[in-house]
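Chemist: Line by line, the protein sequences are chains A, B and C.
If you read the first sequence in my numbering, its first letter stands for residue 709, the second for the next number, and so on.
If you read the second sequence in my numbering, its first letter stands for residue 1217, the second for the next number, and so on.
If you read the third sequence in my numbering, its first letter stands for residue 20, the second for the next number, and so on.
Hints listed in this document are in silico derivations from the structure and should not be mistaken for laboratory results.
Since we're looking at a predicted model, the values are computed, not measured.
Among the hints, erroneous ones may be present.
As the list claims (entries may be wrong) - Ranges of calculated distance between the beta carbons of each label pair, as one might list FRET restraints:
| # | chain 1 | residue 1 | chain 2 | residue 2 | range |
| --- | --- | --- | --- | --- | --- |
| 1 | B | D1312 | A | A1130 | 51 to 59 Å |
| 2 | B | P1295 | C | E112 | 50 to 58 Å |
| 3 | B | L1275 | A | E896 | 20 to 28 Å |
| 4 | B | D1312 | A | L1159 | 53 to 61 Å |
| 5 | B | K1399 | A | A904 | 43 to 51 Å |
| 6 | B | G1656 | A | R710 | 20 to 28 Å |
As the list claims (entries may be wrong) - Here are the simulated lysine-lysine pairs, DSSO-like style, with alpha carbons at most 27 Å apart:
| # | chain 1 | residue 1 | chain 2 | residue 2 |
| --- | --- | --- | --- | --- |
| 7 | A | K995 | A | K864 |
| 8 | A | K1014 | B | K1728 |
| 9 | A | K1014 | B | K1426 |
| 10 | A | K941 | A | K861 |
| 11 | B | K1707 | B | K1726 |
| 12 | A | K884 | B | K1399 |
| 13 | C | K26 | B | K1426 |
| 14 | B | K1399 | B | K1426 |
| 15 | B | K1426 | A | K864 |
| 16 | C | K90 | C | K26 |
| 17 | A | K1101 | A | K1073 |
| 18 | C | K117 | A | K861 |
| 19 | B | K1399 | B | K1470 |
| 20 | B | K1399 | A | K995 |
| 21 | A | K1014 | B | K1726 |
| 22 | A | K861 | A | K884 |
| 23 | B | K1426 | A | K884 |
| 24 | C | K117 | C | K90 |
| 25 | A | K1156 | A | K1073 |
| 26 | A | K941 | A | K884 |
| 27 | A | K941 | A | K864 |
| 28 | B | K1426 | A | K861 |
| 29 | A | K995 | B | K1726 |
| 30 | C | K117 | C | K26 |
| 31 | B | K1470 | B | K1426 |
| 32 | C | K117 | A | K995 |
| 33 | A | K941 | A | K1014 |
| 34 | A | K884 | A | K864 |
| 35 | A | K995 | A | K861 |
| 36 | A | K1014 | B | K1707 |
| 37 | A | K1156 | A | K1101 |
| 38 | C | K90 | A | K861 |
| 39 | A | K995 | B | K1728 |
Beta carbons are placed, not taken as given, at the ideal position from N, Cα and C, and that holds for glycine.
Here's the letter readout for the chains.
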Amino acid sequence: MRYLPLTDADRSAMLSVIGAGSIDELFADVPAEARLSAPIAGLPGHASEMAVERHMARLSANNVTAGSVPFFLGAGAYRHHVPATVDHMIQRGEFLTAYTPYQPEIAQGTLQVLFEFQTQVARLFGTDVANASLYDGSTACWEAIAMAGRITKRGKAVLSGGAHSHYVETARTMAKFTGDVLDTVAPELTPTPDDAALIARIDGETSCVVVQYPDILGRIPDLAAIAAAAQAKGALLIAVVTEPVALGVLQSPGSLGADIVVGEGQSIGVGLQFGGPYLGLFGCREKYLRQIPGRLCGETVDADGKRGFVLTLSTREQHIRREKATSNICTNSGLCALAFSIHMTLLGGSGLSDMAKLSHAAARKTAAALADVPGVTVVNTHYFNEFAITLPKDARQVVRDLADRQVLGGVSLGRLYPQEAALANGMVVAATECTTDEDIAALAAALKEVLA
Amino acid sequence: MNAINPTGWRPSMGENVPGAPIQTFTGNRGLQLEEALLFELGLPDRSGVDFPETDSIDLSALGPMARTERPNLPGLSEPETVRHYTRLSRQNYAIDLGLFPLGSCTMKHNPRLDEKVARMPGFADVHPLQPVHTVQGALSVINELAFWLIELTGMHGVAMTPKAGAHGELCGLLCIRAALEAKGDPRDVILVPESAHGTNPATAAFAGFKVENIPATPEGRVDSAALIARLGPDVAGVMITNPNTCGLFERDLKIIADAVHAAGGYVYCDGANFNAIVGRVRPGDLGVDAMHINLHKTFSTPHGGGGPGSGPVVLSEALSPFGPLPFTARQADGSVTLIEEEQAHEEHPQTFGRMCAFHGQMGMYTRALAYILSHGADGLRQVSGDAVLNANYILRSLDDVLDAPFGASGPCMHEALFSDDGFAEGFSTNDLAKGLIDEGYHPMTVYFPLVVHGAMLVEPTETESKAGIDQFVGAMRSLAERARAGDEMLKSAPHLAPRRRLDETLAARKPKLVWKED
Amino acid sequence: MTRYFTKDHEWIAVEGSEATVGISDYAQSQLGDITFVEVPGAGSEVSMGDSASVVDSVKAASDVYAPASGKVTVANAALEDQPELVNTDPEGEGWLWKMTLSDPAELDGLMDEASYQAFIAEL
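Next up, chain A with everything else stripped away, as it sits in the complex (with noise of 0.2 Å):
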């Protein structure tokens, strides 16, 4: 089998060192009725390089990729052009098959990456700090939640209607076994987030407010009005961050007064892959430092003096702390972070802001493509790459038949709050730098088509 090196001599000989007959007397230790004498029946045997590629490219074939048709899905996780070099450095065995980075004196590649990342992700949020990566945005957004309540030492969670389903969804598992109180509300269908009713739902107990931005339907909520009604009231402000390009030519929400900033960083290197793996970003004022979950990065100097860096503040982390850590996260995103941060070394401040104002431009020119459909309303008075529009029916069935005319059109809100009636003829629409004017021209001709 071409991934085992040994040979059968090479058993023979192994064996008579160990002093063993088989390697089955080995597993002696195991009960004779659990051990089971043969290869696990009704499974099949090994298989070639060429079989296993000719299975899995049949499978691969039967995907409509998003390549390969007018493509203008969004909803937390967006189709960006990623420079063929990216995929090259990830693969670098180097860095692929490469471990955390507990050994630092032979762990600098790693190490200095995570650094740069930490620096990247911090500038991109305008936070103090930020760490070496989480899984992904959902799981950041409640890791946040979490670490608002040992802050505040209060136990409820004020989640905005604009944060995206599943993140509130997760918070939502998770809250049920920490006995942290969730506020949540669904979404509406309105111009702008009423950042006003939001702000009248913090009070004296709360210990974070979650508002997402730009927001599930793309609007773009008022952070610092909301950051400043938090904190009069001893509460932090969690800002979400579902798509980082929109920092290109938004504010950061650190510099508007969030006080924990997450996001999930996939459009920036990472790539689409039906839904992961992705890339938990996190970032905070610093003075919150001990409370931050996950791998930290610190930059020091070795025995000669040389600056160097290692991963730090482990007391933390659950390999330490145990029962009493911040979290129980190990891993950390880490090849995810490199794609994210190689692409952004690429784009760098000015390619980002380019990047995103083409993604502006296209998601600009595809609202008023949309607008002129008849029976289409586009919601939002302003966005980013993604809005919302209404349609005179159920939006679920309308995905689904632009899909049978080979267009991918958007995210229905029936998908995501499949219980709110009142969201059912709605749907998310988003674009990027990769979408083609003939791209728009084929949506709104398929939609056209459809909801005649």
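With chain A fixed as given, assemble chains B and C onto it according to the hints.
Modeler: Positioned in the frame of chain A, the structure of chains B and C alone reads:
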């Protein structure tokens, strides 16, 4: 104070070594190249990406939150970017370079076919919220992998979505908690062996359980008598690792599981060490109710410098109804559907909910499935056989020069455990580990499990050749002799790595987590 | 001023009903370089045996248990910037907190300096 410094590890920078190395103008040493920080190299108006002109784009629809300046992030041209990351990559040890003996991490070869498959457009370029009839191939991959995991473990169902092992542990414990709540049973104690990985008690505490430790026997296994004696109407279950963190098979697991079930509790198994038994033993046959599988360990998805992982959880019939959303289900007509919140009311009403956005680590599923299909049932059986053979070979090749605390009680599983007993006064496991770096290897897992003093846990995996293992054994013998003799040079090792020992005390006392202009 | 020691390596120096608490020289040498100290807030009540403080070294976090019950009057603010004081002067400048004792009789169960030295000699 409670147990002071359980690992016994203290930082030590070592003395300065006499005989300075050759100085160069650049600070580079031949092919060993220094690399500055991105923030010292790049500028915000430099970029390695060409875009069409954007100055004339109308930004009025952004509203009042629009930026006035572009973000302060440095950029580099493409050639500079390639240099920067290539040079950084060369400062890392990796599986591709050599044996990576980290116990409990299963650092096996990462097949490149898996990388090719993961990048097939039907898997890489599809959005999780596309209508399910447009992603049947992708959903089939998840469903097929789920089938394999269930068959390999002899369990009833599987929760695919947890994003890492620790996330999987949480999933398993939340299933247990949901099952108890469904019965109105308030029991809330989880028993955890003291040799367990730190994620176990951390996860149990997070899930709202009280954690109680069960000691180990002198033979390195959990004290099953003590465990069984502790069972009662307040014990929700036990978290057990099998093979355990000492590299030994928990012979009494079925007996323990039967007792736990009889007392009304559940058995969670930490599957980090599944590589030792894959294809030979099924945890379902041992009475396990839930077990997470680390796809990045047993099924070779790449470690990537620390992640991403993937931790699907196989579940018994008792726990399957409580598993999280979403999951795939094959229909009678052969198509695959996705059970999300909307379908949950009818199809899966007792679910404890959703653990994360979307449907899991697809990029890891494709890699793991390609790996599993390549090996097949016979190949996977050979994996565990060779893994255990390699570890025992290392154990018996070293147990005359290194103390193996459980070496006398029989064979080990896929990893061999040594202690620092016999080292010269003042010499520690850390010194040997740092010496191993100079020999061209990443150190083994050190100071874990805590139940052995100065623990060294060596897991070669099955993808090592005999010649490669012999070379590693030779290096270890040399280091063991030096540690026993008290070779002072070990105390300041490594001498030859890109960096000498790093000041972790300074990093913790004065944390510098981001670059700042001076 | 009388100094007592606990089996968990805390010391408590008592003058009337006022006390100062810290960790012993043995404890700091076992821990290695101390990187951070979490101290209780002024005004907080502690009971004998409660974890009142946490002392972090690079790879360990050790709970410090209150040797006696009472009310914390002040915590050592110098430790925020100089946690290394606990290493260099554990029984002096490296004190953790001062408190007013609520039940001085609790001190009867503690060791004096000589007994503590004998105790650690056996470890």
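Chemist: Does each hint hold? Answer for all of them.
Modeler: Structure-based check of each hint:
1. D1312/B x A1130/A: 51 to 59 Å: Check passed, 54 Å falls within 51 to 59 Å.
2. P1295/B x E112/C: 50 to 58 Å: holds (55 Å)
3. L1275/B x E896/A: 20 to 28 Å: Because 26 Å falls inside the window, the suggested range holds.
4. D1312/B x L1159/A: 53 to 61 Å: holds (54 Å)
5. K1399/B x A904/A: 43 to 51 Å: For A904/A against K1399/B, whose Cβ atoms are near 45 Å apart, the range 43 to 51 Å holds.
6. G1656/B x R710/A: 20 to 28 Å: holds (26 Å)
7. K995/A x K864/A: holds (22 Å)
8. K1014/A x K1728/B: Judged against 27 Å, a Cα distance of about 15 Å means the pair holds.
9. K1014/A x K1426/B: Not OK: K1014/A and K1426/B at ~45 Å, beyond 27 Å, violated.
10. K941/A x K861/A: holds (13 Å)
11. K1707/B x K1726/B: The given pair, whose Cα atoms are some 25 Å apart, holds under the 27 Å limit.
12. K884/A x K1399/B: holds (17 Å)
13. K26/C x K1426/B: Holds, at about 26 Å.
14. K1399/B x K1426/B: Answer holds: K1399/B to K1426/B is near 19 Å, not above 27 Å.
15. K1426/B x K864/A: Distance ~23 Å between K1426/B and K864/A Cα, so the pair holds.
16. K90/C x K26/C: holds (22 Å)
17. K1101/A x K1073/A: holds (23 Å)
18. K117/C x K861/A: Roughly 25 Å between the alpha carbons, so the hint for K117/C and K861/A holds.
19. K1399/B x K1470/B: Status holds; Cα separation ~24 Å.
20. K1399/B x K995/A: Violated, because 44 Å separates the two Cα atoms, which is more than 27 Å.
21. K1014/A x K1726/B: Judged against 27 Å, a Cα distance of about 17 Å means the pair holds.
22. K861/A x K884/A: Answer holds: K861/A to K884/A is near 17 Å, not above 27 Å.
23. K1426/B x K884/A: holds (16 Å)
24. K117/C x K90/C: Holds, at about 9 Å.
25. K1156/A x K1073/A: Roughly 16 Å between the alpha carbons, so the hint for K1156/A and K1073/A holds.
26. K941/A x K884/A: With Cα atoms ~25 Å apart, K941/A and K884/A stay inside 27 Å; holds.
27. K941/A x K864/A: holds (13 Å)
28. K1426/B x K861/A: OK: K1426/B and K861/A at ~21 Å, within 27 Å.
29. K995/A x K1726/B: Given that 27 Å is the threshold and the Cα spacing comes to 13 Å, the pair holds.
30. K117/C x K26/C: Holds. K117/C to K26/C sits at ~20 Å (cutoff 27 Å).
31. K1470/B x K1426/B: holds (24 Å)
32. K117/C x K995/A: Holds, because 25 Å separates the two Cα atoms, which is no more than 27 Å.
33. K941/A x K1014/A: violated (46 Å)
34. K884/A x K864/A: holds (12 Å)
35. K995/A x K861/A: holds (16 Å)
36. K1014/A x K1707/B: The given pair, whose Cα atoms are some 19 Å apart, holds under the 27 Å limit.
37. K1156/A x K1101/A: Distance ~13 Å between K1156/A and K1101/A Cα, so the pair holds.
38. K90/C x K861/A: holds (21 Å)
39. K995/A x K1728/B: Distance of about 13 Å is within 27 Å: holds.
When each numbered hint is compared with the structure, violations occur for hints 9, 20 and 33.
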